[in-house]
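Please model the entire structure based on the sequences and the hints provided.
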Amino acid sequence: MFQHRTGHSPKTVTRLKAEWWKDFEAWQKRDLGSRRFLYIWADGVYFKPRMAEEKQRVLVIVGADEYGRKELLAMTDGFRESTQSWREVLLDLKRRGLNADPKLAIGDGALGFWTALREVFATTKEQRCWVHKTMNVLNALPKSIQAKAKGHLHDIWQAETRAEAETAFDFFVETYGVKWDKAVAKLVKDRDALLTFYDYPAEHWKHIRTSNPIESTFATVRHRTKRTKGCLSRKTGLAMAFKLMMSAQGKWRKLDGRNRLPEIIAGVEFRDGLRHLQIAA
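Position one of the sequence shown corresponds to residue 3 (our numbering), numbered consecutively onward.
Certain hints may be false.
[Unchecked claim] Below, in silico cross-link-like pairs of lysine-lysine (DSS-like), each with a Cα-Cα straight-line distance of 27 Å or less:
#, residue 1, residue 2
1, Lys253, Lys31
2, Lys96, Lys237
3, Lys150, Lys191
4, Lys72, Lys256
5, Lys96, Lys24
6, Lys188, Lys127
7, Lys191, Lys208
[Stated by the list, open to error] Derived CB-CB ranges, DEER-like:
#, residue 1, residue 2, range
8, Glu166, Glu90, 33 to 43 Å
9, Tyr69, His278, 35 to 45 Å
10, Ser146, Gly35, 46 to 56 Å
11, Thr222, Gln30, 20 to 30 Å
These are calculated hints, taken from the structure and not from any lab test.
Computed from a prediction, not measured in an experiment: that's the story for all the values here.
Every residue gets a Cβ at the ideal spot worked out from N, C-alpha and C, and that includes glycine.
Printed below as a string of structure tokens:
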């Protein structure tokens, strides 16, 4: 992205990088007090070319507000498995005005994010990402059965009701548990958090079952920067990623079922994706 084939002189590139960093710093300080974010997605993603600290990732949080608009909320460097790294990110969101706990957070079970979330936004419910979970489970199985096992995993999270999902879950455990107990253990440990989405509107399920809004966008970031040689400085890496993420954000689709969002704010109960009508005694 910074190569001379773009026609920019080294001096121009240096100036652009400085401007991008300035934009990034201003964005990091923006006030969030006038907004209400109901869903947040979190992930710690590899950035290639790598940044100076080998084990660090880019920690990203995307939010969906009360109008169904998705927006990049936080992006910084840190350690994916570190509770402290994520705590700093979440506390900074709160400091900038995100005072109401999000209703639901979506992410990979391996993140240090979850412990930090419980400390900072104690009432936020948790949904584990099915894409990450599927990958983790399949990686612990022999290649010869991965395709079949993937189909059985799909049977769980594509079920129409929680009861059907529970049945498919039990089937997977019984089918693979005797021979491949380590793979099944990866699934079982997050059982409840994998099925949280059934308590939210069915129109939102495709949005909240995975942390895809981050991963798919970052695939574009990686693609756009793969020709950049060597190791980036912290500032250059973050500035590049920020500019590319903001460019991608303009193409993000709003949530489906936006008419359901006021009901979520009001605390309306959903079961199997449908509004649950409570009958007074």
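How the hints compare with the structure:
{"no.": "1", "hint": "Lys253 with Lys31", "result": "holds, 23 Å"}
{"no.": "2", "hint": "Lys96 with Lys237", "result": "holds, 24 Å"}
{"no.": "3", "hint": "Lys150 with Lys191", "result": "holds, 21 Å"}
{"no.": "4", "hint": "Lys72 with Lys256", "result": "holds, 6 Å"}
{"no.": "5", "hint": "Lys96 with Lys24", "result": "holds, 22 Å"}
{"no.": "6", "hint": "Lys188 with Lys127", "result": "holds, 20 Å"}
{"no.": "7", "hint": "Lys191 with Lys208", "result": "holds, 23 Å"}
{"no.": "8", "hint": "Glu166 with Glu90: 33 to 43 Å", "result": "holds, 40 Å"}
{"no.": "9", "hint": "Tyr69 with His278: 35 to 45 Å", "result": "violated, 24 Å"}
{"no.": "10", "hint": "Ser146 with Gly35: 46 to 56 Å", "result": "holds, 54 Å"}
{"no.": "11", "hint": "Thr222 with Gln30: 20 to 30 Å", "result": "holds, 21 Å"}
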